[in-house]
Amino acid sequence: MNVSKPQTIDDAVLFLTEHPDAKIVAGGTDLLPRINQKLEEHAELCYIDDLPEMCEVRAEQDGSIFVGASIRLAEVAEIKILTKYTGFLQAASKVASPQIRNQATIGGNILQENRCMYFNNQVPWSDVNHCFKWGGKQCFQYKNSKECVALFQSDVAPVLISFGAKAVIRGSEGIREMPVKDLYMQAGLKNLAHNDILLGVKLPPLFKTEYSAYVRKTIRGSFDFPLVSCAVRVCVDANIIKDSRVVFGAAGVMPAELHMSNEVFIGRKIEDLPLLADELQPAVSKIIAPFQDTRINAAVRKDMAKEIFIKAIAQICQGN
Amino acid sequence: MDELKVIGKPIRRIDGKVKVTGKAVYSDDVILPRTLIAKVLHARYAHAKILRLDTQKAKDLPGVVAVYTAKDIKFNDKYFRMGATRDTWVLAEDYVRYIGDMVAFVVAEDEEIAEKALKLIEVDYEQLPVVATLTDAEAAEHLARGDKPGNVAMPLVVERGDVEKDFAEATVFVSGKYSFPSLHQLHLEPNSATAVYEMGKLTVYCASQVWFHIREDISAVTGIPEKDIEIKPMDIGGAFGARNDQPLPVFTALLATMVKGTVKMTNSRLEEFLACRPSLGMDIEITMAADSEGNFLSKKTKLLSGFGAYSSDSDAVTAIACLRADNNYRFRSVYIEGTGLYLNHAPTAAYRGFGNPQMHFALEQTIDKLAVKLKMDPTELRMKNFMHAHETTIHGFKPQTNGIAECMNKAKELMKWDEKKKNSVKGKGVGVAALIHCSGSRAGKPEFAGSSAHLRLEGSGALTVLIGECEMGQGAKTVFAQIVAEELGVDPQQVNVIMGDTALTPFSTGTNGSKLTINLGNALLHACKDLKRKLTECLRERIGTGPVIVKDGNIYGEYTGEYVMSLEEASARACYARNGQAFLGVGIFEPKADLGDRTGYGNLAPAYPFGIQMAEVTVYDDGSYTVDKLVSVHDIGKVINSQMAYGQLYGGVMQALGSVTMENLSINNEGIYQANTILEYKPPTILEMPEIEGALVETIDPYGPYGAKCIAEPPIIAIAPAVANAIYDACGLRFEQAPITPALVKKKLMQKQRGANAEEEA
Amino acid sequence: MDKQMAEVKIKINGREYRDRIPSDMMLIDYLRKYRLLTGTKKACGAGECGSCTVLLNGKPIYSCITLAIQASGKTVETIEGLSDGDELHPIQEAYLDAGAVQCGYCTPGFIMSTKALLNKVSHPDEKCIKEALAGNICRCTGYHQIIDAVKLASEKMDQEADINER
Ligand SMILES: Cc1cc2nc3c(=O)[nH]c(=O)nc-3n(C[C@H](O)[C@H](O)[C@H](O)COP(=O)(O)OP(=O)(O)OC[C@H]3O[C@@H](n4cnc5c(N)ncnc54)[C@H](O)[C@@H]3O)c2cc1C
Ligand code: FES
Ligand code: FES
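Residue numbers (this note's numbering), protein chains in the order written: chain B, 1 to 320; chain W, 1 to 762; chain D, 1 to 166.
Just so you know, not all the hints are guaranteed correct.
Selected chain D positions facing chain B (in silico; Cβ < 10 Å) [to be verified]:
no., residue
1, Leu117
2, Glu126
3, Ala132
4, Leu133
5, Ile137
6, Lys151
Each pair of labels, with its calculated beta carbon distance range [stated by the list, open to error]:
no., chain 1, residue 1, chain 2, residue 2, range
7, B, Pro290, W, Asn423, 16 to 24 Å
8, D, Glu160, W, Met383, 50 to 58 Å
9, B, Pro124, W, Asp77, 35 to 43 Å
10, W, Pro225, B, Gln138, 48 to 56 Å
11, B, Glu41, W, Glu226, 42 to 50 Å
Don't read these hints as lab results, they were simulated from the structure. Every value quoted in this text rests on a predicted model; they were computed, and no experiment measured them. Yeah, the Cβ is synthetic: ideal placement off N, Cα and C, and Gly gets one too.
Please construct the entire structure, taking both the sequences and the accompanying hints into account.
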């Protein structure tokens, strides 16, 4: 494996264009473990960390905030202009472990690979459990599935979606933007060209009064990926809910949005939120993909989703 | 006895400085010139017939030194001396029987070439049905090994007393069906070894609990006599029983011999999970019979244990699981049917507790059920039935000390048991479990039960303890330094302790059975006495000091009490007077313990540790639960080093907590370990640590050095049932299967809330 | 095909090193194999245990999932940088005094995490200690005495600071 380190963004795009099999590495905490564990192999890596365009955090003229893709998860808590994006801070502070948060980037987090016990706990020398992701011909989660259904377990992506954040992308044609939620496609694919580099994300300006919360469920207090997680954001004016977004992580191949939340919440009083949330519980259950891992089954995952949704709502109400 | 100066004090670990500075040398830190790297090709399936095996392409790769398969290995069937059944091979011959099974070795100039070569080895397999669970193995519809009918590796049937009669007399019965999974010991340091072959002699740098057994194994597979093999002990990054049977150092030595050079092999973490020796998973059915007052009368037990594909220490572990726990209580009779079964899993062996945690999980929950049925406090029910010191237990143990009642009182106090029982809070519960273990149980060699130690005093004044067991983190070196310090009055930090260099130390059967403090401690005490006798004799006869004694690091007149000279001066002068000869104190300890008869009856150990463990939990409506507090009180005899004793206590308790709440290898029907990474296996992190209160009850055992017994294994034994009992106390649900994951609790709680299956529990 | 090599310039424990190494080398392998700093340990190679923790620009990271070139131009502190050969660092003293070391395999990683913590917070409370050490696994000690050690280290470092001020 060769690792190259282009000195500028232009060089990086050029390098990627010229090396169609090169894989981007930023913090490396998602990609490098799999390489070390022999779960995947790459002939070329393109190391794009430390490029100035990607290390910035700045307030844009329209009030939105650009957060560079190379910003470390541990740094998020230290950035003043982000303090009110509560859910974002919570999510970034809970990923993996302190060491990983010092190394892991925002960009890498939202572009991380999907995970599944059949793939991530594959025995590389065996050909049992060779699933789609491994290059095999079947899915062990859903026996009849035609494609990979591995879970997307990013902690940061659901909150960014709940804030309506945009991804800022530098490709061979220049810079473009798209909603973060549009990055995700079926089978864990990302809506990016091979030579696209994520420069950062843009958080829209906050509503006058707005609350956000992120709650996740794990087996251990540290290291573990979320079994399921929930980001909630509620915008309020004079006690009346004006807008809301509820997004679940580890819910399926991509973050799952509870679109019904606005139908139920908008125009109602913030005090009524817990009651309204109860109404939504059956809908929560529906959007969580039935997915099995070594510790929980599909039914329990759905129940946990409801439980953390209620917890997140409770946090919002406390913040109120 | 004079007042003790060093024993009982929290002396700093003597091997600590190198560990906090990063200077300790673990096996993978060994870097020698001209080292070749070896790698193993493992089985593609958990069970298959090898149809074709072609290594030519791998051999042709530049940089590859050798590629070997079973047919290249002369003594291929000689691996592993301890398995009673002797049925394991170095490399698979016609069949592979678990996913970590070994098919070929590659030796190459570096790791990358070796890895590449592995991929060039061609193997065609015919897949065979995989026997993955104990239930399947027992049903024996398929065989895990074609050569073992019924999948049975070991049958054990024991009856003591008249079970039928006692069952007929009994009025109360309880039963349960428990299951405890195979666990990974997860010492953090992966196995690694470097072996140097030179003109018919072998030197092997590695970590092990059984240096001399490793040497035997190496001799068996290489054909090199034991006297020409030297095992150099490296610092050991944990063991917990897993280093009682280690293929890796043995095979590294074999490869060094075959290529006539220096070979290094290091396991990846995945190989640690798949190609080492996890603990035995067990399914246990118990029915207990008691009278209406709560006196235990009898018990029937049926146990299935998973041996994996080949046998290792699994037979000994199974026997201990079958019998040991019973000895804590006054049963009139017991009937046990234990069956070891072959599975297409990694061979299984020792893990801290040696089968005892599995059985305690079952028995201590069954006792709790009896307490519920009799509406008795579970602590009282146990107290009523405990054995006492000097009594002979149902399987022949003869403990001279037994502090279990004191342990119970102390544990109740620490847990505020009575208070919590009286004012029970919704969702909160407390649970108790008792434990018994052996201190210095016989292991390894049927020929003898004891241990030997040497203590050398050189002219320079250097004092060196030579012992054939190992320091794996448990603190043995420090304990031995303390004993020498106590006996000679020197600073413990000045005592050198060498553990396990086979060229220097006395022979040993290995570091297991919680035997070091008691057996080696006693042997070393004898060695100290022997050394003192030899030295003072020499001083008297050759230096003319008159009768003298060694005290406080000096020589004093035996009757005058006057200072004569320092120990250092004495060693120099005495040594020169003997033409440079150093003094060698020799100590032997022959415990009053027997091997047990064919049914396992006998006084297996010189002494027995006891303990009480308790848990407090909160179970929430949504099914999650937290372990809020653990109490662990142990009768360990005299405490030699409180800091280290508590270190063992906390460590064992947390391992046990991991096993009952989270840890699981999650082996699937294909024989694949779904939890084959640390991330997925889930050992507890610091955030899982509840409040832990430990206490030590000091009984002074006549057979222990200064009265000491042991602490290494007991703390892991009864936490799991204590937590299960606490969960029952909190929510009325009984979990007979470990680990009790929050998801499992949630599922059952929801079932209960829905009213479904509510009665199934009873 | 020959491996692509890369220049790295890394300041390790106060000394600057320049090496030409394979471009895909992990930091831990560079430290252990090129610089012979074997105090940094590998137990999983996948960011799951913390044994390989070193400080990169003062912050703890896992050297097993960090490329050596990611550390180029930066400073790295390893366990070998703590004591001067005669005297132990107060954190090392505290680990010994508190009984926080058993097999010692996790110890270098824990000590580096502790150092990063105490550099930032001189008097951490128990919760803060647990959060800071949550990326390190110890299988032997059950963590209890490690927490004691961190508290003790914080006291010892205070005393040392006092002495230095005087
Ligand atoms: C033990 C362990 C536990 C973990 N737990 C969690 C957890 O709880 N929650 C969680 O969310 N994650 C977790 N992770 C995953 C990972 O650490 C984080 O997601 C991290 O944020 C990834 O960031 P990185 O910079 O290290 O990614 P990298 O590994 O560098 O990159 C990840 C992916 O994104 C691509 N990429 C990165 N940057 C860019 C860019 N700018 N443009 C285009 N593509 C890019 C890479 O090609 C790669 O495919 C865990 C990892 C480990 C090892
Ligand atoms: S070895 Fe780096 S985290 Fe385990
Ligand atoms: S001391 Fe052994 S792993 Fe921590």
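Hints, verified against the model:
With its C-beta approaching chain B no nearer than about 9 Å, D:Leu117 sits inside the 10 Å limit, and its interface hint holds. Taking 10 Å as the C-beta contact cut-off toward chain B, the hint placing D:Glu126 at the interface is violated, the least distance being around 14 Å. This hint holds: D:Ala132 has a C-beta 6 Å from the nearest C-beta of chain B, less than the 10 Å allowed. Look at D:Leu133: its Cβ gets to within about 8 Å of chain B, closer than 10 Å, so that hint holds up.
Hint status for D:Ile137: holds, given a least beta-carbon distance of 8 Å to chain B, under 10 Å. The interface hint given for D:Lys151 is violated, since its Cβ lies 18 Å from the closest Cβ of chain B, which is over the 10 Å cut-off. Look at B:Pro290 against W:Asn423: about 43 Å separates their beta carbons, and that is not inside 16 to 24 Å. In this structure, D:Glu160 and W:Met383 meet the distance hint of 50 to 58 Å, their C-beta atoms being roughly 51 Å apart.
Under the hint 35 to 43 Å, the C-beta atoms of B:Pro124 and W:Asp77, about 29 Å apart, miss the expected range. Between W:Pro225 and B:Gln138 the Cβ separation comes to about 54 Å, which falls inside the hinted range of 48 to 56 Å. Between B:Glu41 and W:Glu226, the C-beta spacing of about 44 Å keeps the proposed range 42 to 50 Å intact.
Taken one by one, the earlier hints fail for this structure at numbers 2, 6, 7, 9, listed in ascending order.
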